[in-house]
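> Single-letter residue listing:
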Amino acid sequence: MDTSSLLVHTLNGLSFGALLFLVASGFTLIFGLLRIVNLAHGAFYLVGAYIGLLVVAATGNVLLGILVAALAVSALGLGLERTLLKRARGKELPEVLLTIGIAFVIADLCLAAFGGDPKSVTMPSVLSGAVQFGSVTYPRYRLFVVLVAVLVAIGIYLVQHHTKIGAIVRAGVDDREIAAAMGINVDRVFTGMFAFGAALAGLAGVVGAGLLTVLPGADVEILLFALVVVIIGGLGSVKGAAVGSVLIGLVDAYSKAWIPELSYFTIFAPMALVLVFRPAGLFGRTA
Amino acid sequence: MALSKARRTGGLAVLAAVGLALVACAPPSDSDSKVGESGTVKVGFLSPVTGTAAAAGTEMREGWELYWEQHGTTVAGTKVETVFEDDAGNPDTALTKAKRLIEDEQVQVIVGPLLANTALAVSDYVTREGVPSLQPVTAADDLTQRKQHPLMLRAGSYTGSQMNFPGGKWAYEEGYRKAVTLCPDYAFGWESCAGFVRAFTQAGGQIVKQLWFPLGTQDFSPYVTELGSAGADIAFVATAGGADGARFIKAFNTFGLKGKLPLLTNCCLVDQPTLRDAGPEAEGVYSVSYWAEGRDSPAVKKFVDGYKQKYGKIPSLNAAGGYITAEVFAKALEKLGGKAEAEALIAAARELTFADSLYGPLKYDEMNNPVGPVYIRRVEKNSDGEYWNVVVKTYDNVSQFWTFDKDEYLKQPPYDRNNTGL
Amino acid sequence: MMRRLTVSRLAVVAGLALAIAVPYLGVRRYYISLLALVFIAALLAVSVNMLAGQMGLVSVGHAGIAASASYAVGWSVNQGHGYPTQLLLALAVTLVVSAVYALTSMRTSGIFFLMVTLALGMVVFGLAYRLSRVTGGENGLRGVWRPPGVSETWQFYYLCLAVLVLVMLALWVIQRSPFGLVLRGIRDSESRMSSLGYSVAAYKFFAIMISGLVAGAAGVLSVWHAEFVSPSSAGFLRSALTVIMVILGGVGTWLGPLVGAGVVVWTENALSTHLERWPTVLGLIFIIVVLFAPQGLVGTAAARLRHRRSRTRS
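Residue numbers (our numbering), protein chains in the order written: chain F, 1 to 287; chain U, 1 to 422; chain B, 1 to 314.
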C-alpha cells in the first residue's frame with residue numbers, strides 16, 4: 001500500500017464522510033430538539049436530489065441548485081410538520097409511524113414523477129475534472145463536497161453558540177418546559193428546527209446526487225448510513241455526527257480497499273462497540 | 001366471570017373438534033382448466049415496476065407491448081391477452097404474484113420475471129403447475145444448465161458467462177495480456193467475470209487481480225483506485241445495470257483513468273440507462289454483449305425506431321429482451337396453430353431459427369438457451385446526438401458452453417467467489 | 001361487564017369459525033394461500049407486538065430472527081435431512097440468534113433498542129448475502145418442500161391458522177401471568193422495578209427469547225409457504241412492514257397484529273394488482289391511522305366501545 005493510494009483512500013473516506021455529515025446533522029438536530037426519529041429524512045434527501053438535478057440541468061449552476069433544493073425541501077418539511085407531525089407530538093411510536101408513512105408516499109411519488117432511471121447532476125466545468133498533487137489525481141467535486149460539509153459545520157456551530165436562536169434552541173433541548181415557561185414560543189422553534197433539518201437533507205441530496213447518483217432506493221440507503229452515524233455520535237449531537245460520519249466514511253473506504261468481503265459489516269462494527277461501551281453514543285447525553 | 005370463561009373454553013373445544021373433523025375431508029379444489037376460452041391465450045407477465053429494478057422492469061414490459069402493437073395481438077386466429085403484475089424485485093412478492101396469475105387469472109404462459117433471484121423463486125412453483133415460462137432477460141447460468149427444465153426457455157437473453165466469453169478472446173486478440181476484473185459480488189457478477197476470465201486465460205492471458213464490489217455500492221472510488229494500481233493492461237468491469245454504470249464511469253473518468261487504462265465492460269454497464277445519464281463520459285468505451293442498439297440491421301431498426309417513437313428514448317437490453325420474447329412466443333404459437341400447450345410450446349420455440357433477429361442469426365440449444373452472435377461494441381454518438389452502442393466486431397455462434405464440452409462443463413460447480421473461472 | 005366479554009369473545013369465536021370454514025366456501029386456492037400469508041405475517045407481528053406492547057420495546061429487526069430460522073430449514077433440506085432434524089435445527093438457530101439479539105439489546109430501551117435491533121437485522125441480512133456457500137447468497141435456497149400432511153394449500157392454511165391461534169392463546173396467558181405484570185412494570189418504569197428488586201435485564205432477556213421463538217416459528221412457516229428463502233426475508237423492509245402492522249393494528253392489543261397484517265398484506269398483494277401507486281396508498285393509510293386512530297385500528301375500536309359502554313351505563 002503506497003502513500004499515494006493511502007492518500008486517495010483517505011480522501012475518499014473523508015469525502016463520503018462529508019456527505020454523511022450533511023445528512024446526519026439534519027437528522028440529529030431534529031432529534032435533539034423535537035425528539036423525533038425522522039425516518040422520512042432519506043425521502044427528503046431524495047426529493048432534494050431530484051429538485052437540485054432539475055435546477056442544475058436548467059441553469060448549470062450548482063450553488064443555485066443547492067439553494068433551491070434546500071428551500072423547497074424546507075418548505076415541504078414545514079408543511080408536513082404543521083399539518084401532520086404536530087398532531088402526534090410527544091407520542092414516540094405514532095411519530096415514527098407518521099414519518100415512515102410520509103417516507104413511503106414521497107418515495108413512491110418521486111418514482112412516479114422521475115421514473116426509475118438513475119440520474120446524476122451534470123457538473124459545471126469548474127467542479128468537474130481532477131486536481132493533481134504529486135502523483136495523485138483527485139476529483140475536484142469530491143473536494144467540493146468536503147468544503148460544503150465544513151462550511152455547514154462551521155455555520156451550525158456559529159449559530160448554535162453565538163446567536164440568540166442558537167441559545168433558544170439549546171434551551172429547548174435542555175429543558176422544554178422551562179424554556180416555554182420563560183416565554184419562548186417552543187412550538188415555533190420546533191417547526192423551525194424541523195424545517196431547518198429538512199433543508200439540510202435537501203442540500204445533502206443535491207450534493208449527493210453529484211457524488212453518487214439518484215434513483216429509487218437511494219433514500220433507504222442513505223437513511224441507514226445516517227442512523228449508524230448518529231448512533232455512534234450520539235443522538236442530538238452535531239459534534240457527534242461530525243465525528244461519526246468521518247469515522248464511518250474512513251472505515252468504509254479502507255475496508256473496501258483492504259478487506260472488501262467484510263466491507264458491508266465494517267460499518268456496523270464501530271456501532272456495535274459504541275452500543276456496548278457507551279450506549280448513548282460518543283457525545284450523546286446519558287439521560 | 002368464571003362461567004363465561006368456561007363457556008368460552010368449551011366453545012373453543014367444540015370448534016377445535018369440528019375443525020379436526022373437517023380437516024379429515026379435503027375441501028373442493030379449484031376447477032382449474034388451463035386451456036382457457038377457445039380463441040384466447042392468456043399470458044402472465046411478471047416484472048418489477050416498483051423497487052430498485054423499476055426502470056429495467058418497466059422497459060421489459062415496454063418492449064413486449066411494442067411487439068404486439070407493431071404486429072397485432074392475433075396469432076393464427078388466437079388472441080393473445082397479457083396480464084401484467086409487479087413483483088417489486090422481491091422474490092416473495094414474485095411468488096405470490098405468480099400464484100395469482102396462475103391460480104386466479106388462469107394464465108397459460110408465464111413471461112419473466114426479470115431478476116435472477118425472483119426467477120429462481122418462482123420457477124419451482126410454475127413448472128410444478130405445468131405452466132411453461134419464457135425468460136426475457138434473466139441471465140442466471142443455471143436456469144439452462146444445472147437447473148434446466150423442459151417447461152422453461154430462455155427466450156430473450158444469453159447466460160451471464162456466455163455473453164462475456166468473447167470479451168476475453170477479443171481482449172487477447174487486441175494484444176492485452178494482463179487483465180484486472182471488477183464485478184458485482186453475487187451470482188450475476190461471478191458468472192460475468194468467469195466468462196471473461198475463462199476465455200481470456202484460455203487464449204493465454206493472465207489475470208493479475210480480481211475485485212468484487214457489494215450490491216448497493218454507492219461509491220466506486222475505492223475500486224477505481226485499485227483498478228488503476230493493479231498493474232494490468234486492460235480492465236474488465238461488469239455491472240448489473242441500474243445506477244452502477246453511470247457511477248462507475250464517472251468515478252473512472254474523474255480519477256483520470258480514461259485513456260490511461262483500456263477498459264472493456266459488460267452489456268449492462270454502458271446500456272441505455274447509463275448512456276442517457278453519462279453519455280459523453282462513456283463515449284468510446286468498448287463493451288461486449290449480445291445486444292447492440294446501433295447495429296445496422298432492419299430488425300433492429302424497426303424495433304429501435306418504433307420504440308423511440310412510442311417512448312421517446314432508445315431501447316435498452318431489457319426492452320429488447322421483452323420484444324424478442326414476444327416474437328419468439330408469437331412464432332411458436334403460430335407453429336402450433338394457436339394452441340399454447342405447455343411442453344409443445346417450449347419445444348416449438350426451441351425449434352425456431354431466425355436469420356436476423358434483434359440479436360442477429362439466432363437458434364436455441366437442447367437446454368433451451370439461445371445460440372447466436374456476441375458483439376464487441378463501442379459507445380458512439382448517433383446522428384440525433386444521442387449515445388448508443390455500435391458494433392465493431394462480431395463473434396458468431398456463441399453457445400453457453402463456449403468451446404468447452406457440455407458434459408465436462410456441467411460437471412464443474414457453478415461459478416462463485418471460489419470458482420471464478422481461473 | 002359479562003355482556004361485554006361475551007360479545008367480543010363471540011366475535012373472536014365467530015371469526016375463528018369463519019377462518020376454519022374458508023377453504024370449504026369455494027374460495028380460490030390463491031386467496032387461501034394469501035390468507036395463510038396473512039397468518040404468517042401476523043405471527044411475526046405478534047412477536048414484535050409482545051415486546052412493543054408489554055415492554056415498550058419496538059424491534060425493527062425481528063425479520064432477522066425469522067429469516068435465520070428459515071435459512072436453517074432451507075440449509076437442512078438441501079443437506080438431505082428429515083423433517084424432525086430440520087425443525088430441531090431451526091429451533092437451535094432461533095435460540096442462538098434470539099440470544100444474540102437479547103444480549104446486545106437488553107441493556108437498551110426506547111429509541112436505542114429500536115436502532116440496535118435495526119442494525120442486528122441488517123447484520124443478518126448481510127450474512128445471508130455473504131455466506132453464499134451456506135445461504136445461497138442473493139439467489140437464496142430453494143426446494144424447501146413442506147412436510148407431508150401439510151403440503152396442499154388448504155392443509156398448510158390450517159397449519160398456519162392453528163399455529164397462530166395457539167401462539168396467540170399462549171401469549172394471552174403470559175400477558176395475564178405475573179411474568180406479564182413484571183414486563184409491563186418494566187415498560188412503565190425500569191428504575192422502579194429495579195429498585196423493587198427485579199432484575200430488569202434478565203426479564204428483558206427472557207421476553208426477547210420468547211418473542212424470538214415466535215418469530216422463529218413464523219420463519220419456519222414462511223419458508224414452507226414459499227418453498228424458498230432469500231435475503232429479502234431478513235431485510236429492513238420486511239422488519240419495517242411488521243412494525244407497521246403492529247402499530248396499524250394497535251400496539252399491545254391482542255388482535256391488533258392480525259388486523260394490521262391483514263391490511264398490509266392485502267395492500268401489498270391484492271391492491272398492487274390494480275394500482276401501480278400502491279406504496280403511496282399504504283403510506284397514506286398509515287398517516288390516516290396515526291392521525292385519526294392513534295391507538296391503531298383495534299385499539300381505537302376497543303376504546304370507542306369502552307367509551308360508549310361507559311356512557312350507556314351512566
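It is possible that part of the hints are untrue.
Chain B residues, not near chain F, derived (Cβ > 12 Å throughout) [claimed, not checked]:
id	residue
1	V27
2	N78
3	L89
4	L114
5	G126
6	A270
7	E276
Partial list, derived from the structure: chain F residues whose beta carbon lies under 8 Å from chain U [to be verified]:
id	residue
8	T83
9	S135
10	Y141
11	R170
12	T213
13	Y264
Each pair of labels, with its calculated beta carbon distance range [said to hold, decoys possible]:
id	chain 1	residue 1	chain 2	residue 2	range
14	U	E386	F	G134	36 to 42 Å
15	U	E408	B	N78	23 to 29 Å
16	U	G77	B	A21	41 to 47 Å
Don't read these hints as lab results, they were simulated from the structure.
Glycine included, each C-beta is placed from N, C-alpha and C at the ideal position.
> Taking C-beta pairs only, is E276(B) more than 12 Å away from all of chain F?
At roughly 8 Å from the nearest Cβ of chain F, E276(B) sits no farther out than 12 Å, so the non-interface label is violated.
> Lying within 23 to 29 Å: is that true of the beta-carbon distance E408(U) to N78(B)?
holds (25 Å)
> Hey, is L89(B) genuinely clear of chain F, shortest beta carbon separation above 12 Å?
Since the minimum Cβ distance to chain F is about 24 Å, L89(B) lies beyond 12 Å and the statement holds.
> Regarding the hint that T83(F) lies at the interface with chain U, is the smallest CB-CB distance below 8 Å?
Violated: closest Cβ of chain U sits about 26 Å from T83(F), beyond 8 Å.
> Would you check whether the claim that A270(B) is not at the interface survives, using Cβ distances to chain F and the 12 Å cut-off?
holds (17 Å)
> Measuring Cβ to Cβ, find out whether L114(B) lies farther than 12 Å from everything in chain F.
violated (7 Å)
> At a threshold of 8 Å, is the proposed contact between R170(F) and chain U supported by beta-carbon distances?
violated (34 Å)
> State, for the Cβ atoms of G77(U) and A21(B), whether the hinted interval 41 to 47 Å holds or is violated.
Check passed, 44 Å falls within 41 to 47 Å.
> Given the range 36 to 42 Å, decide if the beta-carbon distance of E386(U) to G134(F) lies inside it.
holds (39 Å)
> Per the CB criterion, is Y264(F) less than 8 Å away from chain U?
Hint holds; Y264(F) Cβ to chain U Cβ min 5 Å, cut 8 Å.
> Hint T213(F) vs chain U: min CB-CB distance below 8 Å?
holds (4 Å)
> Against chain F, does G126(B) hold up as non-interface, every C-beta pair farther apart than 12 Å?
violated (5 Å)
Of the hints listed earlier, those the structure fails to meet are numbers 4, 5, 7, 8, 9 and 11, in rising order.
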